[in-house]
Amino acid sequence: MITSDPKELDLLRQSGRILAKTLAIAQAHVRPGVSALELDQIAEQEIRSSGACSAFKNYSSMKGQKPFPASLCVSVNDEVVHGIPSKDKILRQGDIVGLDLGVVYQGFYTDAAVTVAVGKVDIESLRLIETARIALKTALKVRAGDFTGDIGQTIEEVARQNKFNVVRELVGHGVGKSVHEDPEVPCYGKSGTGTKLVSGMVLAIEPMINAGAWKVIFTDDGWTVKTADGSRSAHFEHTVIVTENGCETLTNMV
Numbered sequence: 001m002i003t004s005d006p007k008e009l010d011l012l013r014q015s016g017r018i019l020a021k022t023l024a025i026a027q028a029h030v031r032p033g034v035s036a037l038e039l040d041q042i043a044e045q046e047i048r049s050s051g052a053c054s055a056f057k058n059y060s061s062m063k064g065q066k067p068f069p070a071s072l073c074v075s076v077n078d079e080v081v082h083g084i085p086s087k088d089k090i091l092r093q094g095d096i097v098g099l100d101l102g103v104v105y106q107g108f109y110t111d112a113a114v115t116v117a118v119g120k121v122d123i124e125s126l127r128l129i130e131t132a133r134i135a136l137k138t139a140l141k142v143r144a145g146d147f148t149g150d151i152g153q154t155i156e157e158v159a160r161q162n163k164f165n166v167v168r169e170l171v172g173h174g175v176g177k178s179v180h181e182d183p184e185v186p187c188y189g190k191s192g193t194g195t196k197l198v199s200g201m202v203l204a205i206e207p208m209i210n211a212g213a214w215k216v217i218f219t220d221d222g223w224t225v226k227t228a229d230g231s232r233s234a235h236f237e238h239t240v241i242v243t244e245n246g247c248e249t250l251t252n253m254v
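Using UniProt numbering, the letters of the sequence shown correspond one by one to residues 1 to 254.
To be clear, the hints were calculated from the coordinates, so they are not data collected in a lab.
Glycine is no exception: its CB is placed at the ideal position from the N, C-alpha and C atoms.
One thing to keep in mind: the hints can contain errors.
Computed cross-link-like contacts, DSSO-like style, restricted to lysine-lysine with a CA-CA straight-line distance of at most 30 Å [stated by the list, open to error]:
hint: 1; residue 1: 21; residue 2: 66
hint: 2; residue 1: 66; residue 2: 215
hint: 3; residue 1: 137; residue 2: 120
hint: 4; residue 1: 163; residue 2: 87
hint: 5; residue 1: 163; residue 2: 190
hint: 6; residue 1: 87; residue 2: 66
hint: 7; residue 1: 87; residue 2: 141
hint: 8; residue 1: 7; residue 2: 89
hint: 9; residue 1: 190; residue 2: 21
hint: 10; residue 1: 57; residue 2: 177
hint: 11; residue 1: 7; residue 2: 177
hint: 12; residue 1: 196; residue 2: 177
hint: 13; residue 1: 89; residue 2: 141
hint: 14; residue 1: 21; residue 2: 89
hint: 15; residue 1: 87; residue 2: 57
hint: 16; residue 1: 190; residue 2: 177
hint: 17; residue 1: 89; residue 2: 190
hint: 18; residue 1: 196; residue 2: 89
hint: 19; residue 1: 7; residue 2: 21
hint: 20; residue 1: 87; residue 2: 21
hint: 21; residue 1: 87; residue 2: 7
hint: 22; residue 1: 120; residue 2: 215
hint: 23; residue 1: 137; residue 2: 66
hint: 24; residue 1: 120; residue 2: 89
hint: 25; residue 1: 87; residue 2: 137
hint: 26; residue 1: 177; residue 2: 141
hint: 27; residue 1: 177; residue 2: 137
hint: 28; residue 1: 215; residue 2: 196
hint: 29; residue 1: 196; residue 2: 7
hint: 30; residue 1: 120; residue 2: 66
DEER-style ranges, computed between Cβ atoms [stated by the list, open to error]:
hint: 31; residue 1: 198; residue 2: 86; range: 35 to 43 Å
hint: 32; residue 1: 253; residue 2: 33; range: 18 to 26 Å
hint: 33; residue 1: 141; residue 2: 221; range: 35 to 43 Å
hint: 34; residue 1: 196; residue 2: 126; range: 20 to 28 Å
hint: 35; residue 1: 86; residue 2: 244; range: 43 to 51 Å
hint: 36; residue 1: 87; residue 2: 126; range: 26 to 34 Å
hint: 37; residue 1: 182; residue 2: 60; range: 17 to 25 Å
Please work from the sequences and hints to get the whole structure.
Structural data, given as structure tokens:
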């Protein structure tokens, strides 16, 4: 969406604050032995107590797709995104886990994700997580007049500098009035190409970076996406409002 309406901007900010608080609470419960289902239940309870709703639960991205059954995507190790939480998905020492959350508050949607270590993990996994975090931080320096290709090129450059690869079959996106809107915001690209960013544009920018090759597979559950080679993957995401001077991040965790 694109908006300059003060009321809409305020509702977007409130949605982002609820999401950020909820994601921080879920992250604080990550530890060896906890189940993905427990994390989902914690997130859903917090969303509801804040007067908001899950943007993901019962969501379908295409006709005939099985609705997503949870509020929180919990993606472990080689799961890139859209991991379905269950009581049998138990986090173990040395895992990395991506937590992806969407919130809708009074009709306004925000979306954010973070990848965290479960206990003590290997140095390469920590480097992967940090690379994805830095890629997002660097990409958020765009402003009105830049292009989606500038975002993609920035993310890919950070990944390649660290000997990692960006996912090419999944993209960031517009957000605000629904979960997924135009434009697409790939993790790769060429500066000066793609959609031109304008003030008031609301985007979900989300580096997805693999330790191995960029290719992914779509699993039989209809949602979970994994790396094709079994390597680990890290995912970070923020919802932002594009301005003339940069991006206002709506989903910063305190």
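Verification of the supplied hints:
1. Between residue 21 and residue 66, the direct Cα distance comes to roughly 29 Å. Compliance with the 30 Å bound is thereby established for this hinted pair.
2. Annotation: proposed proximity of residue 66 to residue 215 holds, straight-line Cα distance about 23 Å (limit 30 Å).
3. With a C-alpha separation of about 24 Å, the suggested pair residue 137 and residue 120 falls inside the 30 Å cut-off, and the hint holds.
4. At roughly 35 Å between alpha-carbon atoms, residue 163 and residue 87 are farther apart than 30 Å, so this suggested pair is violated.
5. Of the pairs offered as hints, the one joining residue 163 and residue 190 holds, with about 19 Å between alpha carbons and a cut-off of 30 Å not exceeded.
6. For the hint linking residue 87 to residue 66, the alpha-carbon distance of about 20 Å falls within 30 Å, and the restraint holds.
7. For the proposed pair residue 87 and residue 141, the alpha carbon gap of about 39 Å is over 30 Å, so the pair is violated.
8. Between residue 7 and residue 89 the alpha-carbon distance is near 41 Å, which puts this suggested pair outside the 30 Å criterion.
9. Between the alpha carbons of residue 190 and residue 21 the distance comes to roughly 34 Å, so the proposed pair goes past 30 Å and is violated.
10. Our distance criterion of 30 Å between C-alpha atoms is met by residue 57 and residue 177, whose separation comes to about 16 Å.
11. Under the criterion of a C-alpha separation no larger than 30 Å, the hint pairing residue 7 with residue 177 is consistent with the structure, at around 13 Å.
12. A hinted pair counts as satisfied when its Cα atoms are at most 30 Å apart, and residue 196 with residue 177 qualifies at roughly 20 Å.
13. Pair hint residue 89 plus residue 141 does not hold up; C-alpha atoms about 36 Å apart against a cutoff of 30 Å.
14. Distance hint between residue 21 and residue 89 is fulfilled; the C-alpha atoms sit about 24 Å from each other, no more than 30 Å.
15. Between the alpha carbons of residue 87 and residue 57 the distance comes to roughly 17 Å, so the proposed pair stays at or under 30 Å and holds.
16. A threshold of 30 Å between alpha carbons decides the hint, and for residue 190 with residue 177 the separation of about 28 Å falls inside it, so the pair holds.
17. At most 30 Å may separate the alpha-carbon atoms for a hinted pair to count; residue 89 and residue 190 exceed this at roughly 38 Å.
18. Our distance criterion of 30 Å between C-alpha atoms is broken by residue 196 and residue 89, whose separation comes to about 41 Å.
19. The suggested pairing of residue 7 with residue 21 holds, with an alpha-carbon distance near 21 Å, which does not exceed 30 Å.
20. A hinted pair counts as satisfied when its Cα atoms are at most 30 Å apart, and residue 87 with residue 21 qualifies at roughly 24 Å.
21. Taking the CA atoms of residue 87 and residue 7, the gap is about 40 Å. The hint is violated against a cut of 30 Å.
22. Proposed proximity of residue 120 and residue 215 is supported: the alpha carbons are some 27 Å apart, at most 30 Å.
23. For a cut-off of 30 Å, the pair hint linking residue 137 to residue 66 is broken: about 33 Å separates their Cα positions.
24. The hinted pair formed by residue 120 and residue 89 meets the criterion: a straight-line CA distance of about 19 Å does not exceed 30 Å.
25. Simply put, residue 87 and residue 137 have alpha-carbon atoms about 33 Å apart, too far for the 30 Å limit, and the pair is violated.
26. About 24 Å separates the Cα atoms of residue 177 and residue 141, which keeps this hinted pair within 30 Å; it holds.
27. For the hint linking residue 177 to residue 137, the alpha-carbon distance of about 24 Å falls within 30 Å, and the restraint holds.
28. Note on residue 215 and residue 196: the hinted pairing holds, with a Cα-Cα distance of about 27 Å set against a maximum of 30 Å.
29. At most 30 Å may separate the alpha-carbon atoms for a hinted pair to count; residue 196 and residue 7 meet this at roughly 25 Å.
30. For a cut-off of 30 Å, the pair hint linking residue 120 to residue 66 is broken: about 35 Å separates their Cα positions.
31. With their beta carbons about 41 Å apart, residue 198 and residue 86 fall inside the hinted range of 35 to 43 Å.
32. At about 23 Å, the CB distance of residue 253 to residue 33 agrees with the hint of 18 to 26 Å.
33. Evaluation of the 35 to 43 Å hint for residue 141 and residue 221 yields a pass: the beta carbon distance comes to about 36 Å.
34. With their beta carbons about 36 Å apart, residue 196 and residue 126 fall outside the hinted range of 20 to 28 Å.
35. For residue 86 and residue 244, the Cβ-Cβ distance of about 45 Å falls inside the hinted range of 43 to 51 Å, so the restraint holds.
36. The hinted range of 26 to 34 Å is satisfied by residue 87 and residue 126, whose Cβ atoms lie roughly 28 Å apart.
37. For residue 182 and residue 60, the Cβ-Cβ distance of about 18 Å falls inside the hinted range of 17 to 25 Å, so the restraint holds.
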